[in-house]
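Listed below, chain by chain, are the residues.
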Amino acid sequence: MSNTPFDRIWNQHVVRDYGDGRALIHIDRHFAQEGTSGRAFDGLRARGLPVRRPDLTVGTIDHGLSTLPGREIDSYAASTARNLAMRKNCADFRVRLFDIKDPNHGIVHVVGPHIGFAVPGCTYVCGDSHTASCGGVGAWAWGIGTTEVMQVFATQSLIMRRPRTLRATFNGRPSRGVYAKDMILALIGKYGIEAGVGHVVEYAGSAIRALPIEGRLTVCNMSIEFGARGGLIAADDTTFQYLHGREMAPKGAFWDRAVADWRALFDVPDAQYDTELAIDCTGLSPRVTWGTTPQDVIAVDDVVPDPATASDPARRAMMERAVAYIGLVPGQRIAGTPIDVAFIGSCTNGRLSDLEAAAEVARARKVAPGVKALVVPGAAHVKAAAEAAGLHKVFLEAGFEWREAACSMCVAAGGDIVPPGKRSMSTSNRNFEGRQGPGSRTHLASPAMVAAAAVTGCITDVRTLLN
Amino acid sequence: MEKFEVVTGVAAPMLMNNINTDLIAPSHFPGKKPEEAVLMGLKDKMFANLRCHPDGTTKPDFVLNQLRYKDATFILAGPNFGCGSSRETAVWSLREAGIRCVIAPSFGDIFHDNAYQNGLLPLKLDMESIERLAKALDASNASELTVDLVRCELRVAGHDPVPFVLDESRRQPLLEGLDQLGFMLRSEPDITAFEQSDEQARPWAYPG
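Each protein sequence line maps, in turn, to chains G and E. According to this note's numbering, the first sequence is numbered sequentially starting from 113. According to this note's numbering, the second sequence is numbered sequentially starting from 8.
None of these hints come from the bench; they were simulated from the model. Every residue gets a Cβ at the ideal spot worked out from N, C-alpha and C, and that includes glycine. Misleading hints may appear alongside valid ones.
Below, computed lysine-lysine pairings styled on BS3-like, alpha-carbon distance capped at 25 Å [stated by the list, open to error]:
1) G:302 x G:213
2) E:50 x E:10
3) G:534 x E:40
4) E:39 x E:66
5) E:77 x E:50
6) E:77 x G:484
7) E:39 x G:534
8) G:213 x G:200
9) E:50 x E:40
10) E:50 x G:484
11) E:77 x E:10
12) E:131 x E:10
13) E:39 x E:50
14) G:213 x G:505
15) G:534 x E:66
Pair by pair, the computed Cβ-Cβ distance ranges are [stated by the list, open to error]:
16) G:386 x E:8: 28 to 38 Å
17) G:421 x E:66: 23 to 33 Å
18) G:203 x E:135: 53 to 63 Å
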């Protein structure tokens, strides 16, 4: 089985085959972020090595930044040293940095596709587990550790073990109020957070083809929550229209040649995958998590499951722990659960279409008393476009805070933190214990669902608010 | 990188599923301000949310807070250990705390690779064997385990050795303490040749 688009990308990037399932793979694009690259730059210094291909490398500062209006690089004291180190590292090693006032500044995975740094068929890495986002434009993109970041800096390559292939086919047509986030949560809920381990996932089917690029980025973003380092969607006309003319995308004759290559690359009607999974999107309800892994997810009109019904003792133990941590009672309806915090943002759901979906719900409504509601655009360009469309006014009038771009509350960064015991509805990707702050309780959902919870004060089926 | 040949030490049982890297290496420390937490050593922050209540008080029942296990060299865990975030601080925390090997049925992919880069052995063993091992260790006086990478077996005094299988491409670098970057740099001529021919084949991939 070696004829999938992924296999073709793999074969095209082999510098050296070690003959034991491993190969030295060339890296086309490397996006460095401040949180995971400091020790990698230090390692280069210690060895007297340069960044081998600064022309194939860019950097940004996205994790440890305050999102308060008017923020500077040192507004959040705990991260200042790391942020300043990133500036110095990029200057010393001739890496183009999208600094915090740069129009291309933002969360790595929101910026990469937007500027055309991520393109179909390329190998794309970043020291961040949500790098698979960029698979939404047909790149083989995956998250790496800091030692690997150093290795890519030094050699523009990585020793990889060939992953197995998995195709997840989404058929049917999601109804109004159901989004890309609900689709990927449905997949993780059905098959579990380990299903993708050792695989690269290709998302396919009519419901995927119908998604605009931003929805595809959301689906691919959560590949790691499914266990898969990489996930991608075959590039098509939607992809080409999206990328055409973007700052770092191929231009002129190179563009035409690139599109021809990309069409050929993804034209594999008889591709064979190691594993095939499927989700029917027809009749899918909006999803919301009830526990402490993304597989702990149910339809918003469902009840919190009873651990006693789990046949596997390990699963039962996990469910019992999750229910206790999250502070819910098995059998209770999840809708109606009061919330304290609503967070709209992150590399999963911090793009313009996400803010539009949330604003549609927030428009002419008010954030419920006692709820802290945050909108954090995923990048400077998202913030600018949202403001041009007047979305910031919709949010501010409703009582949401309108912030600067960064990772923010997804990972309790930059001072945006959920207090102990408080309940958050969040458009981010992880509901792990302590993820949004020690003792924080996180429910993952789509931007529209989070906006619905913000204005009603409790977990609510957004379909009841959409006309 | 520190060589891994034959290591003996205390093995702590943490038989939970899905111990993610946020749990192993949290960005915050319960009860401490962020600017204080950022100055803490990685090993002191390790498992902070399992080790402490949100107000910072100790959870005495957490395994690594127990006298018997506080200086553990090994961790026995459930499936999918190290899932989630790519943060290599998870591996560095464990190494700084003296952990040399985590034994689990499966691992998160990124953690698994990060571990090998730092001389931490992420050893895959079926859950049944891990539970048997945990039982044997629990019944022993010192909870002492030997991980023998030369003979590829685990030993607990008074029990038959438990053999394990490890890919040679994983085993040899650990035995020798090899630095992978040094090995990769030897391929520099291949990388240059690849880039030259690739730029002809895919000129659009090189911004120039």
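Hint-by-hint comparison with the structure:
1. G:302 x G:213: 42 Å, violated
2. E:50 x E:10: 21 Å, holds
3. G:534 x E:40: Given that 25 Å is the threshold and the Cα spacing comes to 18 Å, the pair holds.
4. E:39 x E:66: 16 Å, holds
5. E:77 x E:50: It holds: about 12 Å lies between the C-alpha atoms, which stays within 25 Å.
6. E:77 x G:484: 40 Å, violated
7. E:39 x G:534: Distance of about 18 Å is within 25 Å: holds.
8. G:213 x G:200: 16 Å, holds
9. E:50 x E:40: 18 Å, holds
10. E:50 x G:484: Between residue 50 of chain E and residue 484 of chain G the Cα gap is close to 34 Å, so the pair fails against 25 Å, i.e. violated.
11. E:77 x E:10: 23 Å, holds
12. E:131 x E:10: Holds, at roughly 19 Å.
13. E:39 x E:50: 16 Å, holds
14. G:213 x G:505: 22 Å, holds
15. G:534 x E:66: 20 Å, holds
16. G:386 x E:8: 28 to 38 Å: 33 Å, holds
17. G:421 x E:66: 23 to 33 Å: 28 Å, holds
18. G:203 x E:135: 53 to 63 Å: 54 Å, holds
Hint compliance for this structure: hints 1, 6 and 10 are not met, and every other hint is.
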